[in-house]
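> Protein chains in written order, with this note's numbering: chain R, 17 to 134; chain A, 15 to 129.
Think of the hints as simulated: they come from the structure by calculation, not from any bench.
Everything numeric in this text was worked out from a predicted model, so none of it was measured.
Heads up, the beta-carbon is just placed ideally off N, CA and C, and yes, glycines get one too.
There could be a bad hint or two in this list.
Unchecked claim - Some chain R residues near chain A, calculated using beta-carbon distances under 10 Å:
1) 40
2) 44
3) 78
Stated by the list, open to error - Footprint (simulated), chain A over chain R, 3 or more residues, beta carbon under 8 Å:
4) 25-39
5) 122-133
What the hints assert, rightly or not - Example chain A residues on the side facing chain R (calculated, C-beta under 10 Å, incomplete):
6) 38
7) 40
8) 58
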Amino acid sequence: SAVISQKPSRDICQRGTSLTIQCQVDSQVTMMFWYRQQPGQSLTLIATANQGSEATYESGFVIDKFPISRPNLTFSTLTVSNMSPEDSSIYLCSARGTPRESSYNEQFFGPGTRLTVL
Amino acid sequence: AQSVSQHNHHVILSEAASLEWGCNYSYGGTVNLFWYVQYPGQHLQLLLKYFSGDPLVKGIKGFEAEFIKSKFSFNLRKPSVQWSDTAEYFCAVNPGYSSASKIIFGSGTRLSIRP
Chain R
17 SAVISQKPSR
27 DICQRGTSLT
37 IQCQVDSQVT
47 MMFWYRQQPG
57 QSLTLIATAN
67 QGSEATYESG
77 FVIDKFPISR
87 PNLTFSTLTV
97 SNMSPEDSSI
107 YLCSARGTPR
117 ESSYNEQFFG
127 PGTRLTVL
Chain A
15 AQSVSQHNHH
25 VILSEAASLE
35 WGCNYSYGGT
45 VNLFWYVQYP
55 GQHLQLLLKY
65 FSGDPLVKGI
75 KGFEAEFIKS
85 KFSFNLRKPS
95 VQWSDTAEYF
105 CAVNPGYSSA
115 SKIIFGSGTR
125 LSIRP
């Protein structure tokens, strides 16, 4: 299994500013993902963070708003740009193991970053 | 598009009552199936999973789920719930046609336990 940490755990930000969320995995993983979980709702996939190439975004999410970096196999960042109150949510980092591991098809989740935009 | 449907949004049970929830998905090929749990203030944890083999799978804390391929379902069960089972439960499906395929989550079921 993989242990995932995120920083910050929570933040309160002003409208129009940007916040970068960091995600660190304790082992090398093949795939990393970023999700959003709005209050009382399920998880919505924002994008798949690809190592060494541009992230793959889901419908409704764009790179200019949610730029993602993945410089290596254990780390990724998500930036929420030009924030508005509608961006208030929990942002979750997730990872899937390497193909050689029996847990490859399992997905592990970080504790989340609770973002409030005023 | 693939989707995952959970039939119960908020369930209130008394302690020791039995639990059974439906989860249906809309994908016709090979799938990997999951139930995740999110306890209050905690992050998502894997409750149980089905990849292949015996369609009745057992997870942590006495939970089990049955995969019925003909019904595209993966229903969650527990014979006797406890107060500590208070949480949000998410069904999730990973279409197994590609190692790069993403996991799709259902809308979640919130379980509240009456003491």
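> Could you run down the list of hints and mark each one as holding or not?
Going through the hints against the structure:
Evaluation of the residue 40(R) hint against chain A yields a violated restraint, the C-beta minimum of about 14 Å exceeding 10 Å. Annotation: residue 44(R) was flagged as interfacial toward chain A, and the flag is violated, the nearest CB pair being 16 Å apart, outside 10 Å. Checking residue 78(R) against chain A: minimum C-beta separation of about 18 Å lies over 10 Å; hint violated. Only when three residues or more bring their CB closer than 8 Å to a CB of chain A does the claim for the region 25-39 of chain R stand; here the count is 0, and the claim is violated.
Here the region 122-133 of chain R counts 7 residues with a CB under 8 Å from a CB of chain A, which clears the bar of 3, and the coverage holds. With 10 Å as the threshold, the beta carbon of residue 38(A) stays out of range of chain R, its nearest partner Cβ sitting at about 15 Å, so the hint is violated. With 10 Å as the threshold, the beta carbon of residue 40(A) stays out of range of chain R, its nearest partner Cβ sitting at about 16 Å, so the hint is violated. Below 10 Å, beta-carbon pairs count as interface contacts, and residue 58(A) has one with chain R at about 4 Å; its hint therefore holds.
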